[in-house]
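2 protein chains.
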Amino acid sequence: MKQSELITAALKGEATLVVKNARVVNVFTNEILEGDVALSEDTIIGVGKGFAAREEIDAGGAYLCPGFIDAHVHIESSMVIPDSFSRVIMPHGTTTIIADPHEIANVCGVAGVRAIYKLSDDLPLRVMFMMPSCVPATPFENSGAAITAEDMEQFMRKSRMLGLGEVMDAVSTINCSKDMMDKLRLFDGRPIDGHAPLLSGRALNAYRVAGPSTDHECSNYDEVVEKLRTGMRILLRVGSAANGMEELITEIVKHGLPTDNMMFCTDDKHIENIRREGHINCIARMAVKCGIDPVQAVKMASYNAARAYGLRNIGAIAPGYKGDMVLFEDLKDFKVLKVFTRFGKPYDGKPTPMPIIPQAVYTSMNMAPISKDGLKLPAKDIMPVICQIEGQLVTERRDLPVCRDAEGNFVSGNGLNKLAVIERHHALGNIGLGIVQGFNIHGGAIASTVAHDSHNLVMVGDNDDDMLLAAESLRECGGGFCVVSHGIVLARLPLPIAGLMTDAPVDSVLEIQRALLDAAAYIGVDKKSDPLVALSFLALPVIPAIRLTDKGLFDSASFKFIEV
Amino acid sequence: MKQSELITAALKGEATLVVKNARVVNVFTNEILEGDVALSEDTIIGVGKGFAAREEIDAGGAYLCPGFIDAHVHIESSMVIPDSFSRVIMPHGTTTIIADPHEIANVCGVAGVRAIYKLSDDLPLRVMFMMPSCVPATPFENSGAAITAEDMEQFMRKSRMLGLGEVMDAVSTINCSKDMMDKLRLFDGRPIDGHAPLLSGRALNAYRVAGPSTDHECSNYDEVVEKLRTGMRILLRVGSAANGMEELITEIVKHGLPTDNMMFCTDDKHIENIRREGHINCIARMAVKCGIDPVQAVKMASYNAARAYGLRNIGAIAPGYKGDMVLFEDLKDFKVLKVFTRFGKPYDGKPTPMPIIPQAVYTSMNMAPISKDGLKLPAKDIMPVICQIEGQLVTERRDLPVCRDAEGNFVSGNGLNKLAVIERHHALGNIGLGIVQGFNIHGGAIASTVAHDSHNLVMVGDNDDDMLLAAESLRECGGGFCVVSHGIVLARLPLPIAGLMTDAPVDSVLEIQRALLDAAAYIGVDKKSDPLVALSFLALPVIPAIRLTDKGLFDSASFKFIEV
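Protein chains in written order, with our numbering: chain A, 1 to 564; chain B, 1001 to 1564.
Hints are computed from structural coordinates only; laboratory data are not their basis. Even glycine gets a Cβ: it sits at the ideal position worked out from N, Cα and C. Check each hint, because a few of them may be wrong.
[As the list claims (entries may be wrong)] Simulated DEER-style distance windows between Cβ atoms: (1) A:21 / B:1118: 52 to 60 Å; (2) B:1001 / A:171: 17 to 25 Å; (3) A:121 / B:1332: 52 to 60 Å; (4) B:1182 / A:545: 54 to 62 Å; (5) B:1337 / A:389: 49 to 57 Å; (6) A:511 / B:1002: 20 to 28 Å.
[What the hints assert, rightly or not] Calculated lysine to any residue pairs in the SDA-like style (CA-CA distance at most 20 Å, straight line): (7) B:1158 / A:190; (8) A:12 / B:1172; (9) A:2 / B:1177.
Excised from the complex, chain A in its bound form (with noise of 0.2 Å):
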């Protein structure tokens, strides 16, 4: 629709669609206004009475917020397109994400960013983008593909191109490396994602000169007074794998810590853990039930995210924004009566046509041979094991007795067990391997090709046959997740798009899933926690203390290979 259209639909009050009855949340004087919601096609053209329409929705007196919008996160975690993501999170009221596509770039670098972006080009979801800024994350594992500032150069003018993504390599930027300085130069002016947990003093403000200014990794109150003193915007993170946020928010609200530059974001949550408990609005009920004002809580999960990310449209229902909406029930349980899409229409949950998924992204598993050899680790009386911490993804370093065997191999027993992480994407050869404890496997084995962030093939397990069985079952499909025992396949995940998503609906894959946690808990795993989370976040070099990438074992504090 032209915009002198609008300008005239707005001054006449003829309306396309009229949401009548609503209390409509105003994020801008933080009022609750009951009244009508006049559209004309996508816009917003007034909120009041007696607006002519075409079309009437009555919203008998339910509470009408803007579009929630989760400010970051990677839709490959999903495991599924972004159109099957669309429709699992807009039922939930989400109508906007802010998309770090740093998953797939690290196995397909630019063609992967092109390849999703497309993906998401006209799905109902708003789907923004933040530029992956960190392929590979660091230089301390082989990624399937780089993405240099020059690469970044032919996405500047993508419209849904908003910023730099979340910038993980806080050594490199801190110490000015050549490639960081040419990227956050390339986006000087725009949004740029921090990513640096614990970050703190001297070195938080260098990062903060250097031009980061959001943070999603805060994890205790602290940390999130002394970023949010930076001026940097906190996202805070209700996903599948963090948690601790309750405690976070009640300090926030005991404090009184102003929320304005506060959001929401999922980062990574499991489809089935939206579809249980919600999405962006699954927050922000956790929200209010630690005491953050419903208006606050309303704005957190939609305006200031709008504000941070430069989107001067949305957030708000007001003349001239979008027609991103949704009703709620309340403010309280935020449950969902209603979508509203960016297209300004309710949203009918029906997928887009058939997507046309590029072949670039199919041909991602590449790894060499591998053989038993390979896989067996040399090992003194006491050994570093990676010591995972129940519900969190930081780990911990001990020094532990180890069972060896006559060759004075590591062998599982005493809850340790092995941990490999093999280089899949140019047959390269390399296998980082180590020990791990908090699987408790026995007789079997589990792997995966979703390994944050450069997404090699990661494995745990106790003994070295079904540790190569699972490999090679992964080479087989292209990528995803298996797990195995005493020879045999129990249950397997393909994701042959890029070894991180498939285009498989959401059903079968959640079935598959929970055939993965059964059989995962055949072999061993503890039924309360998920394996497959744990594994994929074992190989992440830029996450406290200890992991183990395709290069070797990890102290991801000092930023060094542990010497065995």
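Here the structure of chain A is known, so what remains is to put chain B in place on it, guided by the hints.
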């Protein structure tokens, strides 16, 4: 300084200047934190303790705030060039202004905009610009120039040109005139200033859909609420001519209206008043007196404006932000102790080297010959009269009995004087004549080439001889102000730059201004009023209710000329 050097300085805590022992206002957490602020050249690299410094300044426990921002100002209205203006306002803590060179643009067109942009290039004051949107302001008057969307394109990539200046012609906007649509389209996605006194309901909706997103014309609380609800940023203006702001702020406090989208501006404020009362700090003082929380007042005076106009690196004291700061004795009276410029240096008040003023702005005074006959105003018994309202810019129309001479022409009497607006740009010979109440002139005339917005020559008097002399006196000096009485020029302020400004020292300008006011009082003008300001707004057809342009008497409510 290179970015990498700044990052390194932040990391090492090595500052060029440290402001020690300050109470630092943090606009993100709303805290006041005791500590030191470290700068490396023009950039803040840390807030806290333990920095190494080449130079130290002891703040002695005073309050360090982000430099204050005037969110909307016409430099030309100060009657002095930008360098002089900056030396008037900076001692009061204003370190950034968002200038709309609307006045000089209406006289000299794009050449005027270029001139004032260039004249503000190297000042310690940060001078940002909005592109004048309405040149001429309306089709109801003859201005010196017109600026089309095409003319504007040359300014789009200038780093200090932020957006589109106040869109005063609301009628053309909501009726989608092609010219206005072209301009709005050109600035789509950038800040667009509104100017829409009393605009409401569907007309306001249409105006918002068209693009303007700020307003500095609110004169009552209901107007503030309605505009704020539509997402407009509210600029609370305390200048020389408009009043009533204390009541308005008191209402805002009483109703608990959030101030995040509110900021301060002066629009037009006499340099004499600035010297006496202060500038943006004067508004902050008033706001706190009216009950606004001091930290919120500081934010309204700095951070909120920076956010509204997309100025990412100012408006806060945090790493990566520019060194614009002001040290106040307290957050009540806002008495300035020290100002730090955009260069991160203590402000020293020195003038910049003699600026080169382009010749193009010196040749604006171009009136056709004027005769006494041309000033004759044939009148009926009852005539429409422009009645001034004490302390306000708005006027009201009254139809009053008038005195006439033998030929039936209007003569002064009963407190009514003759008003004339003479086209002065292209010697068109247009003269608009009308009757005005409120000056009470006896035996003299006052003339001005400062006459918003087209800046024709406007004059008021009780006899045609003195009016003629006043006009000729201003023709001679290239424009300005003068007061004449009984054939003698009592006082004259030459403003040879566009008939609006002078590069004469501020002190001499103020001295002559006082002489003008004394002279005005001598011919009968009430000492309490400022006839120079009053006169210069009487030709402004966008402010209610009745005005005079060079084309005739004008009804600003119906936007139609008044037939007598």
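Q. Can the suggested window of 54 to 62 Å be confirmed for the beta-carbon pair residue 1182 of chain B and residue 545 of chain A?
A. 59 Å, holds
Q) Measuring from beta carbon to beta carbon, are residue 121 of chain A and residue 1332 of chain B in 52 to 60 Å? A) The hinted range 52 to 60 Å holds for residue 121 of chain A and residue 1332 of chain B, with Cβ atoms some 55 Å apart.
Q | Pair hint residue 12 of chain A and residue 1172 of chain B, alpha-carbon separation not exceeding 20 Å | A | 15 Å, holds
**Q.** Cβ distance range 49 to 57 Å for residue 1337 of chain B and residue 389 of chain A, holds or violated
**A.** Holds, since residue 1337 of chain B and residue 389 of chain A (Cβ atoms, about 50 Å apart) stay within the stated range.
Q) Within a Cα-Cα threshold of 20 Å, do residue 1158 of chain B and residue 190 of chain A meet the stated pairing? A) Holds, at about 17 Å.
Q.
Against the 20 Å threshold, does the CA-CA distance of residue 2 of chain A and residue 1177 of chain B hold or violate the hint?
A. At roughly 14 Å apart (the allowed maximum being 20 Å), residue 1177 of chain B and residue 2 of chain A satisfy the hint.
Q. Is the gap between the beta carbons of residue 21 of chain A and residue 1118 of chain B within 52 to 60 Å?
A. 57 Å, holds
**Q.** Outcome for the supplied range 20 to 28 Å, where the beta carbon pair is residue 511 of chain A and residue 1002 of chain B
**A.** 56 Å, violated
Q: Given the hint of 17 to 25 Å, check if residue 1001 of chain B and residue 171 of chain A actually sit that far apart at their C-beta atoms.
A: Holds: the Cβ-Cβ distance is about 22 Å, inside 17 to 25 Å.
The structure does not agree with numbered hint 6 stated previously, though it agrees with all others.
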